[in-house]
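Number of protein chains: 2
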Amino acid sequence: MEEPIERLVEYFKSLPGVGQKTAQRYAFYIIENSREKAENFAKAIIEAKEKVKFCRECGNYSAKDICPICEKRNQKVVCVVQEPKDILSMEKVKSFDGVYHVLFGCISPLENKGPNDIKVKELLSRVQRNGVQEVIMATNPDVEGEATAMYIAKLLKPMGVKVTRLAQGIAMGSDIEFADEITLEKALKSRQEI
Amino acid sequence: MEEPIERLVEYFKSLPGVGQKTAQRYAFYIIENSREKAENFAKAIIEAKEKVKFCRECGNYSAKDICPICEKRNQKVVCVVQEPKDILSMEKVKSFDGVYHVLFGCISPLENKGPNDIKVKELLSRVQRNGVQEVIMATNPDVEGEATAMYIAKLLKPMGVKVTRLAQGIAMGSDIEFADEITLEKALKSRQEI
Numbered sequence: 001m002e003e004p005i006e007r008l009v010e011y012f013k014s015l016p017g018v019g020q021k022t023a024q025r026y027a028f029y030i031i032e033n034s035r036e037k038a039e040n041f042a043k044a045i046i047e048a049k050e051k052v053k054f055c056r057e058c059g060n061y062s063a064k065d066i067c068p069i070c071e072k073r074n075q076k077v078v079c080v081v082q083e084p085k086d087i088l089s090m091e092k093v094k095s096f097d098g099v100y101h102v103l104f105g106c107i108s109p110l111e112n113k114g115p116n117d118i119k120v121k122e123l124l125s126r127v128q129r130n131g132v133q134e135v136i137m138a139t140n141p142d143v144e145g146e147a148t149a150m151y152i153a154k155l156l157k158p159m160g161v162k163v164t165r166l167a168q169g170i171a172m173g174s175d176i177e178f179a180d181e182i183t184l185e186k187a188l189k190s191r192q193e194i
Numbered sequence: 001m002e003e004p005i006e007r008l009v010e011y012f013k014s015l016p017g018v019g020q021k022t023a024q025r026y027a028f029y030i031i032e033n034s035r036e037k038a039e040n041f042a043k044a045i046i047e048a049k050e051k052v053k054f055c056r057e058c059g060n061y062s063a064k065d066i067c068p069i070c071e072k073r074n075q076k077v078v079c080v081v082q083e084p085k086d087i088l089s090m091e092k093v094k095s096f097d098g099v100y101h102v103l104f105g106c107i108s109p110l111e112n113k114g115p116n117d118i119k120v121k122e123l124l125s126r127v128q129r130n131g132v133q134e135v136i137m138a139t140n141p142d143v144e145g146e147a148t149a150m151y152i153a154k155l156l157k158p159m160g161v162k163v164t165r166l167a168q169g170i171a172m173g174s175d176i177e178f179a180d181e182i183t184l185e186k187a188l189k190s191r192q193e194i
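Chains A and B, in that order, are what the protein sequence lines are.
For the first sequence, the numbering used here gives the first residue as 1, with consecutive numbering after it.
For the second sequence, the numbering used here gives the first residue as 1, with consecutive numbering after it.
These aren't lab readings, by the way, just hints derived from the structure by calculation.
The list that follows gives simulated cross-link-like pairs (lysine-lysine, BS3-like), each with its CA atoms no further than 25 Å apart: (1) B/Lys21 - A/Lys37; (2) B/Lys43 - A/Lys37; (3) A/Lys21 - B/Lys85; (4) A/Lys13 - B/Lys13; (5) A/Lys21 - B/Lys64; (6) A/Lys13 - B/Lys51; (7) B/Lys37 - A/Lys43; (8) B/Lys21 - A/Lys53; (9) A/Lys64 - B/Lys37.
Bound conformation, chain A alone:
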């Protein structure tokens, strides 16, 4: 292959999870489409990088100082997530009307990340400032995520705020046969009357 195609393939290959073949397919798609489309695509990349900053309040990606979620929704309920992309997933739950707080990571001794390396202080001051009533911990259900949730809960409780955690159990639509033992144990412990 020649230079301009090869270069484009290399850039596509740098995207997460993209290998040589997929990158080639993407590059060929660009070449086979109109010049206008290529130009708009390029513009969209530059604009996203240039205009998107972090929301001053929650840390989510935002083109404005304050993101639309923080602007419009109930400040009294804060859902704490590890990364901005977790907000996208949580937003699929249409019924949630609260706001978010992005930690940008979790406490992880293996990666040398302590409480001061993630946005804990910002969360505490926000809770105080806005008179938050409930903080929902939506960190990942793994060792680091659990530890981070516990650590933050300990700091928040003396402030008189309700701290909750997303329920853990068997996933909807999954199969008990294939559930792992830790998940099943959690599901059994948290069983609810029907």
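Position chain B against the provided structure of chain A, taking the given hints into account.
Below, chain B without anything else, positioned relative to chain A:
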């Protein structure tokens, strides 16, 4: 999500085989990386679209009038493929030293595509002009690809040129248990002495 991110996600979604989630991951990757990288990515898209044309000789994508393969390799052996991307696959066979000819499709009555809609005339004139000795038909092993290969072979044979077809049989590393009956029949018919 907000405008600049959403727009970028939409463009990534237009790539072949990319859904909402993958597009979001790509867009976040752009936002999370350096401004320089975003600018170079954008430039690579525009350059690929601007500079890449078709090779005058074989029809492959090329930044020059004549692609590097046509420039350097044996013009007497021509491998006929349906699309430029097939050349990428064939080139994995390092031992092939001939050149290519892209038909840009195949004869397909269902899609209303006849011999005049693909580059057959160009192939014939090329064979004559360059004194080609062998034409290898590497169209897809499906009904349309087979028919196209047969049709072109019929036109080429009176010109005294040897016409061959990629061997068909069971794929290397596959399992006879899972081979379909048409493939097995082809493999049996073309069996070779060992």
